[in-house]
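Colleague: For chain A, the structure is supplied; the task is to place chain B on it using the hints.
There are 2 protein chains.
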Amino acid sequence: MSLDPSQYEQWLSQRKAHRKDLKASVLFPRIESGDRKALSTAITLIESQLTSHQEEAQSLIQACLPLAGRSIRIGITGVPGVGKSTLIESLGKAFIAQGHKVAVMAIDPSSSLQGGSILGDKTRMEDLSQEPNAFIRPSPTQGHLGGVAQHTRESIVLCEAAGFDIILVETVGVGQSETLVHAMVDFFLLLMLPGAGDELQGIKRGIVEMADGILITKAEEENELLAKKAKQYLGNVLGLFHPKASEWEPKIDVVSSYTGKNIDLIPMWLDEYKHRTMANGYFETNRNKQNVSLFEDALNHTIKNYLLNQPKHQTVYQELRDEVTQGQISPYTAVHQLLAKLFPDYTSL
Amino acid sequence: MSLDPSQYEQWLSQRKAHRKDLKASVLFPRIESGDRKALSTAITLIESQLTSHQEEAQSLIQACLPLAGRSIRIGITGVPGVGKSTLIESLGKAFIAQGHKVAVMAIDPSSSLQGGSILGDKTRMEDLSQEPNAFIRPSPTQGHLGGVAQHTRESIVLCEAAGFDIILVETVGVGQSETLVHAMVDFFLLLMLPGAGDELQGIKRGIVEMADGILITKAEEENELLAKKAKQYLGNVLGLFHPKASEWEPKIDVVSSYTGKNIDLIPMWLDEYKHRTMANGYFETNRNKQNVSLFEDALNHTIKNYLLNQPKHQTVYQELRDEVTQGQISPYTAVHQLLAKLFPDYTSL
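The listed protein sequences derive, respectively, from chains A and B. Using the working numbering, read the first sequence as starting at 1 and increasing by one per residue. Using the working numbering, read the second sequence as starting at 1001 and increasing by one per residue.
By construction, these hints were calculated from the structure, which means they are not laboratory data. Since we're looking at a predicted model, the values are computed, not measured. Some hints here could point you the wrong way.
As the list claims (entries may be wrong) - In silico DSS-like cross-links for lysine-lysine, where the CA-CA straight-line distance does not exceed 30 Å:
id, chain 1, residue 1, chain 2, residue 2
1, B, K1289, B, K1312
2, B, K1228, A, K229
3, B, K1244, A, K244
4, B, K1312, A, K289
5, B, K1037, A, K341
6, A, K244, B, K1312
7, A, K229, B, K1229
8, A, K341, B, K1312
9, B, K1341, A, K304
10, B, K1341, B, K1093
Same shape as in the complex, but just chain A (with noise of 0.2 Å):
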């Protein structure tokens, strides 16, 4: 028999949609057991364009919720070069030794046109990856930033679910990606260079601004006067702002990988945090503002998708978009010209 690739294509989902094993009532039990092998099948159904396994994801995900939540979300940013994989090994290994289970995503907003910055090597974190305590999943190489970040956001309800007590969710310190992070962790760790100057290396203020804390990275020996210095500056910088909703007033020090200079310091870091925000009561209201902000957020977006993707409205759409662009019509008038074709009951202005 030969297929065309399209055929081909279809064959191949049709196949992969009949798999016994991608059914919520298979993984939930094993999950719940902590078998990372379902565990990567479980994210793979997730991130599947089936219909059939979206159904399935979400009973999965609904299955595992009641048992997510007990753990410590971290998110990880800097720009490339700075040693995101390297620090996230040595922290994983220490977290390991301290009797926790460690699991690592990655959000890459490059993945989707280059096939993946981070984490698609899979020779990266070769260490941390042999841990039966650890488990790696790397970033979708396909699909938009707002989907990946669903994903992960879907995928850490299941490793939570399965045990994982901690979680690191990586990004790079470029475009979008580190909002999408910080939206989804209660803490988030900035990554710099030692020898930061005055223009904060490409890392937008608003980065600085969102972290619980920063380390400065590469701290060995021929580094010490720059990591210092850095560590100085953005002391100051820091100093400047105002202070967080969480009471908490951000971290900052330097680090080495390599050396393992202060690797200890973080975990401390994150029970200082967890203790006074659980005290305070922040960890809790974050959670609960991240899951209505996902929602609402989710909600608009899927609303308008459902409604513009239907052939009959996407050409008014697209025309009343150009107008508005163009000014040849107000905002308003445009919504609700648009509106009005979309409901036929809608007259309130």
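Modeller: Relative to the frame of chain A, chain B by itself:
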């Protein structure tokens, strides 16, 4: 005839709805000829909640759009007490002396709660309000911030159609109102008190980052040293920011509305800004972008409001939102459940 209050309200709004002057066809030629009274009536129409008024308002805005846009729109912000009104008065008169027509509007986040703290007092800007080439509109004292911003944005179109070529939009340095004002102006001016120390006077850094110009107010003799210090300090802060998309380097100087010192500087900044950003294309690109984001924001907001304000949907929305907040359901599952209720033919996940 005696009427109870609700009947009286109804009678009053019916009477208002039949007022002959509240018609687009009557108001448009008068606005076109620069009639300030018509402009004022038209803005009342924009702010009215009556459906018939809203319909007239939308036609009027649509008629005015081809005449609009030939202005420079300037946002002015600063904490209460920084001297916004007195600066606007001096600046407005300076512009009028140069042959310009000046419209002043306000977005006051406190007005819906407290009955207005800026521009509510009619005795303010007394000199400017007597100029035939000035139009001053107080902040609306009701409605949520998004609605007020929409009305201001629509009023700008009418003012421009009436020949006002300098549009000043005042707001106070708290909450979300700056972002709304920033999204509708070409140039964003931040006023600060002399003696600004490390803590930036409660102004969020994001607002300093939005500024195209910063003026240290009250630079009279006794404040000279403090004002100079503030200028130096803020100059350093500005130096830390990344270059703007407009390629414009924010200006900073001291100013006194009392002595008139440096008031003439502001029109020069604006001339230079307009010249540069028109040459590099940013001026137009930015306005087009502002139009589109207003459209997309209003679209999200309006679709959601329309659907969720229907009584049959309200309960399910609220229940799902509560479950999401408590972490009992995944935000994405909740969205799909809600969509399935809103649209009988919704199936895709």
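Colleague: Taken at face value, is the distance from the CA of K1312 (chain B) to the CA of K244 (chain A) at most 30 Å?
Modeller: Roughly 40 Å separates the two Cα atoms, so the pair is violated.
Colleague: Going straight from one Cα to the other, do K1244 (chain B) and K244 (chain A) come out at no more than 30 Å?
Modeller: holds (26 Å)
Colleague: Holds or violated: K1341 (chain B) and K1093 (chain B), Cα atoms, limit 30 Å.
Modeller: violated (58 Å)
Colleague: Holds or violated: K1312 (chain B) and K289 (chain A), Cα atoms, limit 30 Å.
Modeller: holds (26 Å)
Colleague: With a cut-off of 30 Å on the C-alpha distance, tell me whether K341 (chain A) and K1312 (chain B) pass.
Modeller: holds (21 Å)
Colleague: Could you grab the alpha-carbon distance between K229 (chain A) and K1229 (chain B) and see if it respects the 30 Å cut-off?
Modeller: The hint holds at about 26 Å.
Colleague: Sort out whether K304 (chain A) lies within 30 Å of K1341 (chain B), counting only the CA atoms.
Modeller: holds (15 Å)
Colleague: Are the Cα atoms of K1037 (chain B) and K341 (chain A) separated by 30 Å or less?
Modeller: Between K1037 (chain B) and K341 (chain A) the Cα gap is close to 36 Å, so the pair fails against 30 Å, i.e. violated.
Colleague: Verify the proposed pairing of K1289 (chain B) with K1312 (chain B), using a straight-line Cα cut of 30 Å.
Modeller: violated (36 Å)
Colleague: Take the C-alpha atoms of K1228 (chain B) and K229 (chain A), compute the straight-line distance between them, and say whether it is at most 30 Å.
Modeller: Between K1228 (chain B) and K229 (chain A) the Cα gap is close to 29 Å, so the pair holds against 30 Å.
In this structure, the hints that do not hold are numbers 1, 5, 6 and 10, in rising order.
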